[in-house]
Amino acid sequence: MENLTEMLKGVLEGCVLDIISRNETYGYEITRRLNALGFTDVVEGTVYTILIRLEKNKLVEITKKPSDMGPPRKFFAINDAGREELRKFWEKWDFVSSKMNELKEKTL
Amino acid sequence: MNFWEKITGSDMTKEMKSFEARVKNLPADYQAAWVEINGYLWPHSDFTGRNLIPILDGVLGLLEETSADGQSVQEVLGDDIRGFCSALAGEEGAKSFRDKWRQQLNHNIAKKLGK
Amino acid sequence: MGIKDLIEGKREWRAHVARVKTLPNDYQIVYRELQKYLFKVGPVELTEGTGLLSGIVELFEEGAASGKGVLEVTGRDVAAFCDELIKDSRTYADIYQEAIDSKSKK
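Chains as they are written, first to last, in our numbering: chain A, 180 to 287; chain B, 391 to 505; chain C, 31 to 136.
What the hints contain is simulated information worked out from the structure, not anything from laboratory work. Take these hints with a grain of salt, some might be off.
What the hints assert, rightly or not - The list that follows gives simulated cross-link-like pairs (lysine-lysine, BS3-like), each with its CA atoms no further than 25 Å apart:
hint, chain 1, residue 1, chain 2, residue 2
1, A, K243, C, K51
2, C, K51, B, K502
3, A, K267, A, K188
Stated by the list, open to error - Simulated coverage check for chain B against chain C, where a stretch passes if three residues somewhere in it have a Cβ under 8 Å from a Cβ of chain C:
hint, region
4, 455 to 463
5, 489 to 502
Claimed, not checked - So the derived list for chain B, only partly shown, Cβ under 7 Å to chain C, looks like this:
hint, residue
6, A411
7, V413
8, I445
9, G448
10, L478
11, A479
12, G480
The beta-carbon is built from N, C-alpha and C at its ideal position, and this holds for glycine as well.
Same shape as in the complex, but just chain A (with noise of 0.2 Å):
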C-alpha cells in the first residue's frame, strides 16, 4: 500500500525493533521486509534513520561484518533494553488498535 508515510511514522521504529529482534540483520534486509510486508513506500534511508535513532538509545547491539557487495555491514541485534522498548511498543499498538476498532465499530 502507497502513501502510508505519515500513518507510519509513529510505529516504524517497533516494525524495525521487532524484526531485529528475531534474528539479527541489516538495515537493507530489513527495509526488504517491509516491503515484502506490503510497506512499499519504505525506503533503505528511512530505515536507517531509524538504525541511528536505536544505536543512539542503545536498543541494540552492533556488530560489522565483511559483505560480498559494497562496504562493511553493520548488523543489528536486540539487546535487554531494546525487548524492554519493544515489549512496551506493542503493549501501547494494542491499545491503540483495540480502540481504533471499538471506534470503527461503536455508534457514539
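Once you have looked at the hints, place chains B and C on chain A.
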C-alpha cells in the same frame, strides 16, 4: 563590550586566530561574507563568545567546503546574509529559512539529476 | 574536535572525500547537496568527527552496489531524509539560543 574586546584576553583568542588563518585562504567574496556574518552574530547578543565558536566553526567549514567546490558564495548563502544568520541563531524566521534550505536541497537535486 | 579538524587537511576527511568520489554520479550529486544542507543546519554530530557523514556514504555504497538509484535509497524527499537523520540532534541554533537563555537568567 565590542567584538575585539570580547575575544582578546580570553581563552578564545587561540581559536579566533586559527579562524583568521583559515579565512585568509578563502576567495574574496567568501571573506566578505565571513566578515558580514561575524558582524551580525557578535554584537547581536551579549553572551560570552565561547558559545559562538562551534557556530562560527560550522559556518567556516561550510564556506571552506563549498568554495573548494567552486560555488559562488551567493549560491551557498543566498542574498540575505542577515536572514542566514538569524536562521543560524535560531531566531524569528529561522523556521522559514530552514524550509527554504530544504526546498533548495530538493530542488538542486532534482535539477542536477535531470528529473 | 571541530569541523575545522574534520575538513582541514586531516587524513580522515581526505579519505572521506576520496570515498565519496568513488560513488556513482547520481549518488555523488545527492551526497554533496545534502552535506551542504547539513553544514548549514549544523547538527552537533558534525563537530564530533565524520561518523554522521561516513554513515551516509556507507548507506550509499551499499545502495549503489545493489544497483539501486540514489532516490530509491533516500526517497524522493531528500530533505526529509536529512531531517529524520538529525531529528534528535542539537543544532547551532539550539546552542545559540541556550546561550542566550542562560545569559538572560543571570
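Here is how each hint holds up against the structure:
1. A:K243 - C:K51: holds, 23 Å
2. C:K51 - B:K502: holds, 16 Å
3. A:K267 - A:K188: holds, 17 Å
4. 455 to 463: This one holds; 3 residues, not fewer than the three required, reach chain C with a Cβ under 8 Å.
5. 489 to 502: holds (count 9)
6. A411: The hint is violated - A411 of chain B has no Cβ within 7 Å of chain C, the shortest such distance being about 10 Å.
7. V413: Hint violated; V413 of chain B Cβ to chain C Cβ min 11 Å, cut 7 Å.
8. I445: This interface hint holds because 4 Å falls under the 7 Å limit.
9. G448: holds, 4 Å
10. L478: Status holds, d = 5 Å.
11. A479: holds, 5 Å
12. G480: holds, 3 Å
In this structure, the earlier hints numbered 6, 7 are contradicted, and the remaining ones agree with it.
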